[in-house]
Amino acid sequence: MPHYRSVGHVPPKRHTQHRLAEGGELLFEELMGEEGFSSDSSLLYHRFLPSAVSASRIWELPDQGLTPNHPLLPRHLSTHALSFAPATDAVTGRRLLLGNADVRISYVVADAASPLYRNGIGDECLFVEDGEGLLETVFGDLEFGPGDYLVVPRATTHRIVPRGPVRIYAIEGNSHITPPKRYLSRFGQLLEHAPYCERDLRGPAGLGLIDQRAHTSEGEVEVYIKHRVNGLPNGIGGTIHTLPHHPFDVVGWDGCLYPFAFNVADFMPITGKVHQPPPVHQVFEGLNFVICNFVPRKVDYHPLSIPVPYYHSNVDSDEVMFYVAGDYEARKGSGIAQGSITLHPGGHPHGPQPGAYERSIGAEFFDELAVMVDTFRPLDLGEAGREVDDGIYAASWSRGDRRSEGAVAGEGAG
1 MPHYRSVGHV PPKRHTQHRL AEGGELLFEE LMGEEGFSSD SSLLYHRFLP SAVSASRIWE
61 LPDQGLTPNH PLLPRHLSTH ALSFAPATDA VTGRRLLLGN ADVRISYVVA DAASPLYRNG
121 IGDECLFVED GEGLLETVFG DLEFGPGDYL VVPRATTHRI VPRGPVRIYA IEGNSHITPP
181 KRYLSRFGQL LEHAPYCERD LRGPAGLGLI DQRAHTSEGE VEVYIKHRVN GLPNGIGGTI
241 HTLPHHPFDV VGWDGCLYPF AFNVADFMPI TGKVHQPPPV HQVFEGLNFV ICNFVPRKVD
301 YHPLSIPVPY YHSNVDSDEV MFYVAGDYEA RKGSGIAQGS ITLHPGGHPH GPQPGAYERS
361 IGAEFFDELA VMVDTFRPLD LGEAGREVDD GIYAASWSRG DRRSEGAVAG EGAG
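If you're matching positions, the sequence shown starts at 1 in full-length UniProt numbering and goes up one per residue.
Don't take every hint at face value.
Restricting the straight-line Cα-Cα distance to at most 30 Å, the calculated cross-link-like pairs of lysine-lysine (DSBU-like) are [as the list claims (entries may be wrong)]: (1) Lys273 to Lys181; (2) Lys298 to Lys181; (3) Lys298 to Lys273.
Derived from the structure by calculation, the hints contain no laboratory data.
Please construct the entire structure, taking both the sequences and the accompanying hints into account.
In structure tokens form, the structure reads like this:
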């Protein structure tokens, strides 16, 4: 969906000869496109053959096993209780929390540069909970910091270089991840009712390696690839390709397909006279899942409004809420804090903790930041999710009497 960009050196006409200088080195054109040749694409111009591979071997992925949420229970997972060794990177160090056939949700605390990496299964949406660094890609570089979403199209070669420890909440689709269709015109422009616009999207900042020819021309490099494999658990496998040249040899590209960043602080919340449903908080979508964010905002102004969400049953979806920041002290009895994840599965009604419904009356502002993923197939627990499940969250609505101490939280209570 990102609008057309042209970066570096590209020829006047596509699919024609392109040289670094008149009569000089002929560049190799690569079309990177979605849905065959039928959707968004970009053309990249390489100094070396982009398909060259000199060796390959299996990459043993971290545990991708999934355990059904059976018996059916809401869950509370504490990501900040997960352990990560020094020199962990944001690709090989991810630990799987939740997943199904459409999406996998992982978490990592990384302080080392990742290997070059390419996800051949689907797009990735990386939410930076904390820390900063550089996303280096074949399209150029993206600086990132707290609150950034990094949307990386399928098969984009990239690596993540932290500056100090970074906390990343990784949402990996088995499809493409885009702005919601209802935000877009039939030609792909973000519409007036959308809660963000093209000005808020940051594309790669040039091609920082254009002039570093020695870096791209000397020595072999490895690229870690996640891809589909029939017969393996969840159909996911890993391969490491050795390339004769560095893949960041692109001297120019143009098109509408490239990685981009969007900071959650640039999301303009939609509020109303009474409580607004979660779709108004949507930021992205993939096949059979949506991504929403709940940001600090004014809340309902009807004189009889109840600002926290009404109790609701997710008839068709599982709801995953990742609590990033805000005042959760009022959620006594729930155990939820920054870094918490709640899973509210389809088939189970849920809502505010005991006491929150009544105590929210009169609230005018919610100071909270959370990222939600709703899936339309049930989510299973990964190894990390099983490790940090508190085992008691399902009983949190049953503790004490109806008016016991509870939460005065916003959508996060739901």
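Violations among the numbered hints: none
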